[in-house]
Amino acid sequence: MSGAATAPAALAAEGLTKRFGGFTALDGVSLAVPEGSITGLIGPNGAGKSTFFATVAGFLRPDGGRVWLRGQEVTGAPPWRLHRAGLARTFQIPRLFGRLTVAENLAVAAPDQPGERLPRPWFARRRIREEERALRARVMAVLERLNLARHADAPATALSGGQKKLVELGRALMSGASLILLDEPAAGVNRTLLREIAATIARLNREDGITFLVIEHDLDLVAELCHPVHCMAEGRVIASGSMAEVRADPTVAEAYLGMALEPDAS
Amino acid sequence: MEPFALYFATILTLAGIYAALTLGLNLQWGLTGLMNFGPLAFVAVGAYTSAILTVGGSAQHLGGFGWPWWLAWPLAALAGALLALPIGAISLRLRADYLAIATIGIAEILRLIVRNEDWLTGGPLGIPGIPRPFEGLGLPWGQFAYLALVAAVVAGLYAMAQATARSPFGRTLRAIRDDEEAAKAAGKNPAAFRLQAFVLGAACMGLAGAMLAHFFKFMGPDALDPVTATFLVWVMLIAGGSGNNLGAILGAVAVWALWAATDWLAGQLPGELATRAAYVRLFLIGLALQLILLYRPQGLIGERPPRPA
Ligand SMILES: Nc1ncnc2c1ncn2[C@@H]1O[C@H](COP(=O)(O)OP(=O)(O)OP(=O)(O)O)[C@@H](O)[C@H]1O
Ligand SMILES: [Mg+2]
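Line by line, the protein sequences give chains D and H.
Going by the working numbering, the residue at position 42 of the first sequence is 42; the numbering climbs one at a time, nothing skipped.
Going by the working numbering, the residue at position 107 of the second sequence is 107; the numbering climbs one at a time, nothing skipped.
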């Protein structure tokens, strides 16, 4: 972004605009995700949070504005290029590969697979088998962490809604990305598992140095996990700062229109 | 005994040629979800390429190269691939179903070219005198040897298709087939993978065309009928089980046996009834397809849950 002496943000957007026909879903969104942070993105339904994800990750073409990934402009780059550059995302409503197993769903997301390049599948079968064994071990480690190991070889369609969300998360973890955009990772997941997911995100952030941008409606979880926090409403960022600051902002309370925002809300 | 064995060998040879087609279509549709409604186009290109390269010189059509079949067949596969390349490169970037429209169009265009570009294809007269490998062995052994050659080619294509389907490449194709957006999120460029699968399948079809031309020893526009070169291939794949390479071969053999048996039955009918029977047969095959789709959508053998890696 602007030539500051500090390290560039992991992700920065400036004036990002996205219109669907006459409807403006993103109306000049500017926000930054500091390197090494777990940044929160909150806002009422329809605020444009998921649209923001889709637009920065290359799934939607912006109608205006710019996006930087670690100081490098990537506006309008296709998703696979951004994936290679270390950006992964999840979907709010899980999109799994229905006729693949759970393990395969994760394996697909591993970057740089030599066995994906013809003609290697025909002539380097032994090498590929070895690579696949190593990949399988990585997949199982991630599934273990998500409590999904015993479903590894089940078809993805056999999972419950909450488990499908976990597979989404698992796929993002398999990407090896250093910046992961999570769209409501805990929605529809039970309390116990929710705690575990939060702990997993915190640990990946702390130990592996992965930067996260997390959309979440559970504001207590956001308060616990995220700093800084951006609040969007009607396609704009209306507040940024610590969760306490954002909560205290009257425009935020107004945007949520009576939704429980008190710290003690359960 | 011998006429029966020859008849049997003919049926099996054609079933094998169809198996090459269904394996190609399975790479495209079963594995990748690409709707190719014009296998005929790739069969035609392969058949005429191999025919022109192997026949002796003639004023009626291009030819006179006199190359051996084993040189011409790979080039027939290459011709199928080269036809697929621009079609795929253009239409696969757009919505997936545009490929269906594009392939229907290209099949019709090829039928027109074959019929009208006399200098190249001999027009309605076609290209006669295409040498059949092992013909020198005489009957019945020459025909048995050709059957063995076709079977060997199909076995090779099967091994290639299996290695493709079971590799990370095949896994990515299946992922793109199941959910393109999620595949993008997993870092894949769907258009690039689809193009490879489309071209690979088209190469199989080009090779099938070459095997067909050398079996008939003649190639003409009447040998390229959308019913037998496109519709029947789809029926075979769906009946056998799309997504499964063994199912693709099984479907080709079973449906072709049925097709040939009903052809024989219809031939026993007196004159005018026989021509009507051809339409009844088509109707029955369509009906059978409907029933399969209703009651056994996965076909004889469906796409197995792949074994853990
Ligand atoms: N493809 C689309 N076509 C038209 N309108 C869309 C499209 N995608 C999103 N929108 C609209 O854009 C607005 C923002 O949607 P978005 O999904 O980004 O909201 P959100 O903040 O993620 O909400 P939620 O918290 O409910 O998930 C909504 O009004 C939605 O109807
Ligand atoms: Mg959303």
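The hints are simulated quantities; they were obtained by calculation from the structure and are not laboratory data.
Since the structure is predicted, the reported quantities are computational estimates derived from the model, not experimental observations.
Positions of the beta carbon are idealized from the N, C-alpha and C atoms, including for glycine.
Please note that a few of the clues may not be correct.
Per the computed footprint, the stretches of chain D lying under chain H, defined by three or more beta-carbons under 8 Å from a beta-carbon of chain H, are [unchecked claim]:
1) 15-23
2) 93-99
3) 181-189
4) 241-249
Just some of the chain H residues that point at chain D, by a computed CB distance under 7 Å [unchecked claim]:
5) F65
6) P168
7) K184
8) A185
9) A186
10) A223
11) G267
Restraint-style ranges between C-beta atoms, simulated for each label pair [as the list claims (entries may be wrong)]:
12) H:G138 to D:A137: 52 to 62 Å
13) D:A141 to H:L284: 49 to 59 Å
14) D:E130 to H:Y279: 54 to 64 Å
Problem set entry | Agreement of hint A185 (chain H) with chain D interface, Cβ distance less than 7 Å | This interface hint holds because 6 Å falls under the 7 Å limit.
Exercise. Would you say the C-beta atoms of E130 (chain D) and Y279 (chain H) sit inside 54 to 64 Å of each other?
Worked result: holds (56 Å)
Problem set entry | Verdict for G138 (chain H), A137 (chain D) (Cβ pair) under range 52 to 62 Å | Taking Cβ atoms as reference, G138 (chain H) and A137 (chain D) lie about 59 Å apart, which means the hint holds.
Exercise. Can we keep the G267 (chain H) interface hint, with Cβ of chain D closer than 7 Å?
Worked result: violated (42 Å)
For this session: Examine the segment 241-249 of chain D for residues whose CB is less than 8 Å from any CB of chain H, and state whether their number is three or more.
Result: With 0 residues close enough to chain H, the hint is violated.
Problem set entry | Hinted contact A186 (chain H) with chain D - closest CB pair below 7 Å | Given a least distance of 4 Å, the restraint on A186 (chain H) holds.
Problem set entry | Closest C-beta approach of P168 (chain H) to chain D relative to 7 Å, hint status | holds (4 Å)
Exercise. Do at least three Cβ atoms from the segment 15-23 of chain D come closer than 8 Å to Cβ atoms of chain H?
Worked result: Check failed, 0 qualifying residues.
Problem set entry | Hinted contact K184 (chain H) with chain D - closest CB pair below 7 Å | Cβ of K184 (chain H) sits 4 Å from chain D, so the hint holds.
Exercise. Does the segment 93-99 of chain D contain three or more residues whose Cβ lies closer than 8 Å to a Cβ of chain H?
Worked result: holds (count 5)
Exercise. Within 49 to 59 Å or not, the Cβ separation of A141 (chain D) and L284 (chain H)?
Worked result: Distance hint for A141 (chain D), L284 (chain H) holds at roughly 54 Å.
Exercise. Does F65 (chain H) pass the interface check with chain D, least Cβ-Cβ distance below 7 Å?
Worked result: Given a least distance of 28 Å, the restraint on F65 (chain H) is violated.
In summary, the numbered hints that this structure violates are 1, 3, 4, 5, 10, 11.
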